[in-house]
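*Asks:* Read off the chains here:
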Amino acid sequence: MIETTAGEHVPARWALMGKPPGDAGEYRVLAASDREARPGEFDRLIRSLAIGTPDPAKRDGNGALPWAAFAPRPEIGRLALVITDRLGHGDAGFRPTARFRYFDLPLAETTRPHWSYSAFYQAAAARELTPSDSGPALLEFGKSVLMFEAIEQDPERAPVLDWCRHLAGLVLDGPVVITNAPPTRLEARLGVLDAVMAMLPAWTRAEIAISAWAPRAQAPFRLVFSDIPGDGWISVPWLNTPKTGGSYAEGVTRLAARLGTQQTADVLARFPTPVLDPAAGATLERALDDICYLERVGALAGAVRRLAGQQQPQPGELADLAALIDPGGLARWPEPDYAAISELVAANLHRLPPEVLGAWWRGSADLGEANERGFGNRVLQAARDALAGGDAELPARLWRAAALAVHDGPFVAELADWVADGPDTARSSLVTVLLTGGPDRAAELRAAGCLVERDRTLRRLVAAEIDSAWQASGRALAGRVAALVLFLAAPGAAPPWLTWLASLAANPTASRPGAEGPELAECLLALAFGRLLGATDSVLADAFPGFAAHAEDWPGARSAAGPDLGWALLAPLQPGSDARSQAAADVLRVLCGESPEELPDDDKWLGSYLTTYRDRCERAEVGSRRSELLESIADRMLCRFPRKKDLPAPVAETMDWLARQRGAEFRAVAAMIVRNFSDHPALAEGRRRPRKRAGAWWTAFTAVAGWTTLDQALLGLRDEAAEFGPPTGHHDISAALYSLADRMAVASQAGWPTTEVVNDTLSCWPGAVDPALTDRLLDLYPEALHQRGRLRPDAEVLAEQARLAAARPARGTDGEAYRRYRIGRLNDQNASYEALASEYAARIGELQLQLEQTRVRRSRITTDIRLLNELRRDQ
Amino acid sequence: MSESEQAAPTYAIELPTISPAQALPPAPEPPSQSPSDTGDPVSGDLGIGLWGAPLSGKTNFVHALQVAIEQFNADSAEEKWNLRGRDAATEGFLAEGRRRLEGDTHLAPATANPEKLLCTLSGRLRAGRRGVEAVRFDFEIRDVPGGHFLDPFSADEGGTSGIRPAPELADESIRFLAQARGLIYLFDLTRELGPGDSSVRFFDHTVDRIRHLVPDYQRDGVLLPHFLAVCVTKFDSAEVFRCANQAGLVETGPDGRLRVPDEDAKKFFERLADDENHPSASSVRRLINGNFDRERVEYFVSSALGFSDGPRRRGAARSGESDQELGIARQPNPLAYQDGSRALRAAQPINVLEPVLWLVDKIWATQKASPR
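Heads up: the protein sequence lines correspond to chains A and B, in order. Taking this note's numbering, the leading residue of the first sequence gets 1, the next gets one more, and so forth. Taking this note's numbering, the leading residue of the second sequence gets 1001, the next gets one more, and so forth.
Please keep in mind that the hints were generated in silico from the structure rather than gathered at the bench. None of the values given here were measured: they were computed from a predicted structure.
Now the in silico label distances, taken between C-beta atoms and shown as ranges:
1. ASP1208/B x LYS58/A: 31 to 39 Å
2. LYS1267/B x SER134/A: 50 to 58 Å
3. GLY1290/B x LYS58/A: 41 to 49 Å
4. GLN1367/B x GLY135/A: 55 to 63 Å
5. LYS1267/B x GLY232/A: 48 to 56 Å
6. ALA188/A x GLN1367/B: 50 to 58 Å
7. SER134/A x PHE1153/B: 20 to 28 Å
Note that CB positions come from ideal geometry on N, CA and C, so glycine has one too.
Okay, chain B solo, but in the shape it has when bound:
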C-alpha cells in the first residue's frame, strides 16, 4: 500500500492571512420572513407547482417572473405588482435569475436539486368603484429537476445507461404538486424533435402519482381539484413559432411583441394535438382532459426569454427561414451562433406572469367561496 516518499506529491495545507481589507463588516440581516408592511391587504397562502420535462424551461420561467412584472408595471398605468422572496435563499435565487436575464450571459445551469422558493406576490389592483385594492399572496413554488417527474423504475432516462436515482427525492417533488392548489405545466414542443423521453412520460407518471396522493381528487367523480395552467413554452423557438404562425394565430400585441392571444392558445394546443406530427401533444391533451376539470384548465403560449434582439457578436445567428418568408423579424433566445455556442440575450418574457395571475385569481376566488 505504501510507496516511496519521493514519489508522493507534497503540498502545504493553506491557511489564509488576515489583512484589514478582508475583515468585512458583519453580514446584513436576512430579510424579514413575515412582511406586514403592505397595509391591510387581502392575503392568502397557496402552493403553486411547476411541472415539466427536463429542459422545458422551468428555471427560466421562475427567473423571468420578475422581469415580466417589470414589463407589466411599465405597461400598466394602474395595476402594479411586486414579487419578492420571503427568505434569503429565495431572494438569492431571484436575484441571480434577474442578473442572468439581463442578457449577454450564459444559460442557467441544469437544475441538480429542488429549490424551495417562498415568494410574496403583492399588487395594487383597480377594483371598480372602490378604487385601488391592495392584495398580497404568499406562495411557495418549487423549481425541481424535470427528471423527478419520470417514473424512477421505468427504463433508463434519456436512453443512457445510469444507476437508478433515489425514488424518495422525486416522490417529495410530486407530493408537493399533489398538495398544491394550482399547477403550471410547461409543454415543450421542441423536446419531441430532439433526443430523450417524450413529454408524455413525464406527464402520465406524475398525474398517476398525484391521483394516488390527493385524497379527494374525485371531483365530479373522476377529476383532480387543481387549477392547471398549460403553457406551450419556447414560443421564441423556430419550431413553435412556425407552427403558430402557420396556424395563423400569431399577432402583434399592444406592447409590440409577437404573441398568440390567450383566447387562441387553447386552439393552438388543440391544433398541435390534432397534428399527427406531434403525437405527444395528442397524448398530453387526452391526459389533461381525462384528469382535470376543463373549467379549471387554461392555456397559454409562452416564452420565458422572449425573442432576442439580434446578434451582438461575430458569427451570424441562425434564424428561421419561414420567418423570413413571412417577413417577421424575430430571433430565438438564446441565440445560436455559427460556432455552435449559445448566448442568452436580454429576456423579454411572453405570457409568464399571466399564468401565475390566472392561478392566483382562480384560487383566491375559490378560497373566498369555500375556504379549504
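So here's chain A without its partners, still in its complex pose:
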C-alpha cells in the first residue's frame, strides 16, 4: 500500500495567475511567493504547463476544469504543479475566466517513501491563494493511499495495473498520450498517472512531466490524457493494452509477479538515483539498468538460499554468486530479504569464498556502520572459533575477505592479530594468502599497508617464516621470505617496510624476532642489495628498481653499505649480452647514481636498447627517480649525435617520447637540453635555421625554452655568462675571461650575429660593469675565435664588430661607460703613439743629422781615397 506520511507540512513556492473581476487586460501573474523571481518566470512556467485555453464554462468531459499538470524543473531541483480551475467572475467582456495556481516543491520530496502526485494535488488544491498573499505556502500532505493489494484482488481493476505497467514501459520509450478516455474524474486520472509512475524508478519523477488533461498532446509532457495526439506521440486508447510495453514492461511485470505490485512499487521508490551512472544514457536505458539490477539481486537471493542447502557448493555457482553481488545497491532491496540473506551468508562463512564474503561485507557497510560491525563481529568470532578448533585455512580466507571488503577498517589488523598469535599453520596460511594474488590485488595491498602499522603482528609473521625457512634449508631468507618481503615492499606499502628492514639491517644485533641475529640482517641486506635475487638479470631487473627507487628513504641501508652502495647493487650484474640487458642494467645504474654505459654503436642494437630503456622508464617502480632516467638518456643521445642533422629514427622516436612527458619530468629534460645547448651544435644549428623535419620533440623543447626567435637564442650563453661572475685573482681573471670568450666564440660559430653574442653576454655577465674587464674580454675574443678555427683577419673583423656592439648606446649606461673607457683608452693610446711619434721624429732628426755627418765623413773619406789614389798614381 502506498501511503504518504500523514500531516506533513511542506513549504512550497507558488504563483497565482488570472484576471481581476471585470478586467479588460490579459491573463497575468497576480501574486507570487517570490517577487524576486526572474521576470516572467512564473508566467512562462504556468503557460508551459497549462497549454491551450481552458474553458471554465465547460462542465462535462475530461477537458472540464480543473486540470492538473506536473513537470520537473531539474535546473532548480523542483517539481512544479499547475492547477487550472474556474474563477467565479468574468472579465470586461463578460467572458468566463480561469484561475491558474502554480506550486513547486523540492524534487527530493518526490523520492520520499510513499510520495504521490495525487497527494501533491490534494495538498495544493486545498491551498487557496489570493493576490494579497506572500511568502511560501505550507502544503499539508494528507494520508494518501494507492491500494495495490486491494486492486490486485479486484478482477475489475486488476487489469488496470497490467495496463499501467505497459504504459510505464512505453513512457520510457517516448511520449504517450492516453486517448478516448471516457469522462473520468480528475482524481481517477491522477490515480492512473500515479500507478504508472509507481512502476518506474523514483528518479524518473525528475525527468518526466505528466498531465491529467491537456487540450492536445505536446511537450513538455511525456504522459498525458488528451484527445489530440501530437506528431511522434505514442497514442494509447483508454484501457487498450498496447501490443508491447518493451523490455522494461516485461521486466517490471516479472518483478511484480515475484514480489507483488505493492512491493515492486516499494522497491522502485528506493531509487532516488539510477543504480548506474546517473548521467549516462537515455531514461529508458537507465531504467532498464535498474530493472536488470533488481532481477540480479533477486537471483542472488535465490543463489544464497540454494547454497545454504548444499553441502558442497559448485565452484561455478560460487563465482556466479560473487558476480551477482553489487555493492552499493543492496540498500535498495527490501529489508526483510536483505536480513534473511545476510543471515544465510553469516551462517555459511566456512563455505563461501573470500570474494563472495568480501563483496557481501562491502554491501553491508553501505547499509550502515551497525550492519558492517555486526557482520564483522560474526567474522571475527568465526575466525576465533576456527583457530581454537585448529582450522588453519578459514582465518586466512576470512582475512582476505576482510581485505577485499574494508580498506582501513579495524577488522584487517584485528584479524591478523588473531592469526599471528595463533598456531604456525594459521600464520603460514595467512602468508600463503598474502603471497597468492586474489581478485583485487590493490585491495590486498592496501590491507597490507594497514598491517605495516602493526609491528608486532608483522614481525611475528616474518619471523615465523624465517624460522621455517631456516629449519628447512639453513637459509633465513630462502623461499617465501623473500617473496613476502617483496610483497610487503610493493608500491604503497614499501617505505614503512623498508624503514623497518633498514633498522634491522643497520643494527644486526638489535631485536630480531624469533631467530639468531646476524643471518637476518645479512639476508635482509643481501635482499636489499639484490644479491639474493641476482641469480638472473631478468629477476633483478624486474624487482630491483623498486628498492633502488626507495634507497633514499632508506638511510640505514645506505649507511650499512657505505659509499659502495651503487657497486653493491650492481655487482651481480653481468656484462650486457644484448641490447635489452644493457638497457635494463643502465636503468639500474642511473637509479643507483652510477654512470651508464655508452649507447650502442649499431643502429639495430640502438633501437632495441632505446625501446627497452623506455619500457623500463614507464614502470611504476622507478617512481620519483624517473626524471634522472630521462635526463640521462637525453644527454647521452645528444652527446652521441652532436652534429648530425637528421637523427636516427630510434633516437628521434625517443626524443619525441621525451617530449611527450608531463609535468616536472618534462621540465627537467627540457631544462637539461636548454642548459647544454652550446655543447650540442646540432641543436644550435637547428635553432638558427629550424629544420622542417625536426619532429615534435624539437617543437616541444624549443617552445618550453622560448626559442622562437634569434633574439632569444642566447639563453644558454647568458646562463654561462652569469655563472662566470666577477673574476678576482690574476690567474682566475685570465682563465675565466678566456673561457667566457671561448663560449662567445662557440656561439659565433653557431651562426649568431656578433651583436647578439655581445649583448647577451654583457647583459648577464657581472664583470661587464667594469669597462676595463669588458675590454679585456673583447681583447681575448679574436684569440678564441682563432682557436675555434676562424681565420685571423675574419676574427679581427668580428672582434671589431664586438667592440662596436659593446659600445652601442642601446646597451645603456654600461655601453656608455665602455664607450667612454674605449675612447679614453684609444686617446691614451693615441697620446702614447704621438709621444712615440715625437720621439721617433726626434730620433729621425738625430739620425738624419748623423746621416748627414756620416755622409759628409764618407764624402771626405771618398775624397781622401780619391786624392790618395791620385797621389799614388802620380807617384
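With chain A's structure known, arrange chain B on it following the hints.
*Replies:* Positioned in the frame of chain A, the structure of chain B alone reads:
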C-alpha cells in the same frame, strides 16, 4: 512540520474500474495533413496575422469563419468555399467554435495561450470563359491573447498590478505577424468606452516591433510590405451601430442583413477618426497611414456574431434606444439580460469572410506577379 495523524485528511487514490462499455474502440486517425483531393488546384502558402486588443473579438472572428462560409455558399449560386483544419488541433478548434456559434451557449473563454491554426481554404470560382476554377490556399492563422500586442515593459496592463509577463511569448506572436503576408486588424471601438488600455497601445508597440523584424519593410522607402485588412468590429454593438447609423452609412444588403457597404467602410473609419470623441481611432489612422501602403489597406465594418434574433429567455434584453428611434429592428450579440448575464445567440457573421478573401486575392495576385 508534522502534526498529529488524526488532524490530517485521509483519502484513497482512485483508480478506475474496467467495464466493457468503457473500453472504446481506438481513436480515429487524425485527418490527413496534406490534402491532395482537390484535383489540380492553384495553391499557395501564406500566413495571415490576426491582430487586435484583448476583447476585440479575435477568437470569435476565427470561429465565425465557417459559419460565414456556409452563409456565403447558401447565397452564392456559383462560388463555393470550404474551410478545414490541416491538423487535429485546428479541426478541434474550428469544430468547437462552430458548436458555440450555433447559439444559446456561453461566450468563448478568454484566450490564455496562442492557438496555431493550420487551415486550408478551398473554393470554386467562376473564372470568365474558362468556367469554374478550383483554388486552394493553405494558410496559418494564429489566435493569440491580445495582451501579446502590448509592450511587456510598459505600465501594468489594465491598470491592475500584476507580475510582468514573459516577453518571449509575446515576441513570438509579433514575430508571426511580421512574417505574415497579410494582416487582419480588429479595431474595437467599444474598448475606448470601457476600462483598460486604449487600442492605440496595442497598435503602436506592435507596429514598431514589426518594423524592426521585417528586413525589407522599407517598401517605397518607409512602408511595410503587408496587406492590411482593417475591420471595425462589433458592428452589432449599440455603440458602433449608432455611429454608423448616425453617419448614414448603414444599409440593408441583398441578404437582408444590416451592414456598412465595403465601399463606405473606409469613410466610416475616417469619420470615427475625425470625431474627437474617438481619439484612439485618429491615432490608429495616423499609424496605419504612416506605416502601410494605402494601396494595400482595405477597410471593413464587421461583426463576427452579427445581430441576434431576440431574447429567448426571461428578462428582456436591453436594446439601443436610438435603434428604436430609427425604427430598425436589431439586437446585439451576445444578448445582455437584465440580470447582468450574457448569452450567445446563433451567429450571423457580417464581413468576416470578406477580409480573408480580399487578403487571399491580393496576396495570390502578388505571388503570381513576383513569387516571394
